[in-house]
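**Student:** Listed here are the chains, written in short residue letters.
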Amino acid sequence: MLKILLATAMLIPTALLIKPKHLFTTTSAYAMLITFLMLKWFEQPLNHKPHSTNTLMMLDNITTPLTTMSAWILPLMIIASQHHLVTEPVNRKRMFLATCATLQTTLIMTFTTTDLTMFYIMFEMTLVPTLILITRWGSQAERLNAGMYFLFYTLTGSLPLLIAILHLYVSNGHTTMLLLAMQNTLTPNMTMIMWLACMMAFMVKMPLYGLHLWLPKAHVEAPIAGSMILAAVLLKLGGYGIIRMIPLAPQMTQTMYFPFIVLSLWGMIMTSLICLRQTDLKSIIAYSSVSHMGLVIAATLINTPWSTAGAMILMIAHGLTSSLLFCLANTNYERTHTRTLLLTQGLLFILPLMTMWWLVASLMNMALPPTINLLGELMILSSLFNWNTTTIILTATTTLITATYSLYIFITTQRGTPLPNKVLTPTHTREHLLMTLHLVPLTLLITNPALMF
Amino acid sequence: MSPLIWSLLITSLATSTIITMSSHHWLLAWVGLELNTLSILPVIIKSHHPRATEAATKYFLIQAAAAALILLASTLNAWQTGHWSIMHTSAHTTTIITLAILLKLGIAPMHGWYPEVLQGSTMNTALIISTWQKLAPLTLLYLINNNPPTNILLLMGVISALAGGWIGLNQTQTRKIMAFSSIAHMGWLIITLNLSLHLTTTTMMIYMITTTAMFMSLNTTTTKTMTDMGMAWTQSPPLTTMMMITLMSLGGLPPLTGFTPKWLILNNLCHMNLLFPTIILAMASLPSLFFYIRLAYFTTLTTPPNTTNTHHKWRFKPPLIAGLTPATSLAALLLPLMPMMIS
Amino acid sequence: MTVVHFTTAGTFMLSITGLALHRTHLVSALLCIEGMMLALFSALAVSYQTPIHTNTSLQPIIMLALAACGAGAGLSLLVASTRTHASDHLHNLSLLKC
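So the protein lines, in turn, are chains A, B and C.
Position one of the first sequence corresponds to residue 1 (my numbering), numbered consecutively onward.
Position one of the second sequence corresponds to residue 1001 (my numbering), numbered consecutively onward.
Position one of the third sequence corresponds to residue 2001 (my numbering), numbered consecutively onward.
Just chain A, same shape as in the assembly (with noise of 0.2 Å):
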């Protein structure tokens, strides 16, 4: 674990420290060395589960897949901003690296943590670097509002949940969650105020259709690295804290999630629809992510082995898809210098390749056949149908609107004609290198599934 999380540290003085020759180079593989070194948690031979804790940390099946996937976007977050970053002084480079590698070290331990007080700490820690990530290397003046929503949701959603984690450590003498998990003291006397407290800071995180208002700000006025960021590991952070939090409150949870699941359910169709009419392309992908998410919190909050295993996975293949459009809408960003889609279309003619790449990822984010988006969307809508049989009904439709959405999205920017006054440079290699890291895991993952839960 520690020499996991001591390289993930040293990140930030090399960031700071390293020739300006070797700066992106060095973090980036380094980075990317981190992560096959972390690839060794997969192998649990003893399948124990959590497979290995000390007395601060520890790795199990969900921590592992979500914790290996945050180390694997950061090395992409380099590579993705390195245009972004072209104009600016190698200072700023550097402190821009070194608050990606702050981020990173505080996901680590905001996944590994056993402690639930160890955990509210880290979770809180990793919006000082999101805030700066959005505010500061964002372009827009829009991007101080945004950075405001981000942090006074999180906040207002994530001060109960302090109480309430204080008020489990007055009332057993510990926060260690399995330890809580396993006693389940508080069940009995455990109020609605409690389970509210613990779950909303997550449902902001997540975010739940009606509390989501933060996230397609802070996507949009986010630069490349902050929305990969926030769409693949940050919004995660959400799933893992219902899937840790679930099993502290068993019995509240079968009367209490109604409400949400309702709401996640309703929301998922909600934000597909408002998919259909945006006019911006990083807007969109963040209602889709809000649209995905539903899924993940309706099938964490029904905790059975198949829905959360759903969950897992589809978690893992939505930050990777995610992260994937977005590096895809930087690319046309970078080029255009424009978000809105009626300004980007044609450029299947002048960007050949990376009509290719815009293919893959529409056809993986409306989750087609041999991807995991599929099987963990089967996964989640199985057991949701076992859970009561008219939520098909919702679903299925937002399947569809899903699909409908990503070619919406694929048509509009590749085809069409293009705008003639505009001269686009062509793709580099370093893009396509992007969008191939990112397609491999997706594309692997799904001959061995098992790895995700």
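Heads up, a few of these hints could be off.
[Claimed, not checked] Think about it this way: if two alpha-carbon atoms lie no more than 27 Å apart in a straight line, the pair counts; the simulated BS3-like pairs of lysine-lysine are:
#, chain 1, residue 1, chain 2, residue 2
1, B, Lys1313, C, Lys2097
2, A, Lys93, B, Lys1317
3, B, Lys1046, C, Lys2097
4, B, Lys1224, C, Lys2097
5, B, Lys1224, B, Lys1313
[Unchecked claim] Calculated from the model, a selection of chain B residues having no Cβ within reach of chain C, i.e. all distances over 10 Å:
#, residue
6, Ile1018
7, Thr1057
8, Leu1135
9, Asn1151
10, Leu1155
11, Leu1195
12, Met1204
13, Met1205
14, Pro1237
15, Met1272
16, Pro1326
17, Met1340
Worth flagging that the hints you see were computed from the coordinates, not collected in a lab.
A virtual CB, placed ideally from N, CA and C, is assigned to each residue, including glycine.
Put chains B and C on the given structure of chain A with help from the hints.
**Tutor:** Frame of chain A; chains B and C shown alone:
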């Protein structure tokens, strides 16, 4: 001002606080408070400016009246009980004295003078007023803690935390913002008097560290309004980064130092089953955080190449104070040392 | 409560009420503070002095000395604020409202 007088003032400022701290007799405590007021007045009024005069006048009126009220209450106590010891103050007297001390500290319903005095004095004097001058009244609150008026302290603390954050939203002058931040922190502080005195010490220390770091940074960059703050990066870019971290620490974002007192206070309140004040206090930290984040936006997050909305100012490049580095790093990174501090 | 107690406490209360409510002139505020101090002085001087225990006899003097210092500081502030604000009206002290 001649160095001799200046050193005399600073010495008596320090000594008077120590007199109050070490006193056992109410009259001596009053003498300490009075000397304290008298020695800070020339420091405030030193910059011969109408604002400084006004600030000194307001400070004098409030402090003299509050000190007289403390002396009256202790005289009444002596009538009732027959002795002047601070430790043995009866319950009614404690209530009056607590109210007078809260007036001296600038707790919310009696906070009107505080932002104006800070606004009228220089940055260094404001630093003294908002840190060192709090010590003497707070020590008296420590000493009469054998039967504290719990309800008053809790109520005033919650009101102060709420009002400090709420009114601070409306300010554009950095010293006034710091004043309201100080009011909010004082609200958290006096709540700890109900919980445990160790916690009060910790909270006070951390408040002093973060406030000192912030005032020193503001002083170094000569930042008086929010628009000045937008140009602080031209003087020292690393300093503005540290200012941003310090601001977030003041706002109590984990894992910075400012989260320590909030965490411990909320934990202690949970221990006492005071769920309602806990929730209100936790939520009261959000408006304060809003204006800290707004200041943080001005320090680093909107610097070029992004478009800035401030004009360039003609300024000398000030020397960086040596104490700035330890102050800002303490203001950022003390949380892991917390177990050592509270035990 | 004896007459002495009543008189001194009453004087103090009247003075502090005057300080709080009567807000026209700075000099009247200072006079109210002086009234409070004098009430405290007479309380200390009258009700604690016994021929037997003389160790409290210095108390009123110490108090009066510091109250005089405070009064001096107040009067100098009065002069300073009259010079800068043109009169001693309390509502003139509004530079720092902003």
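**Student:** Checked against the structure, which of the hints given earlier come out wrong?
**Tutor:** 7
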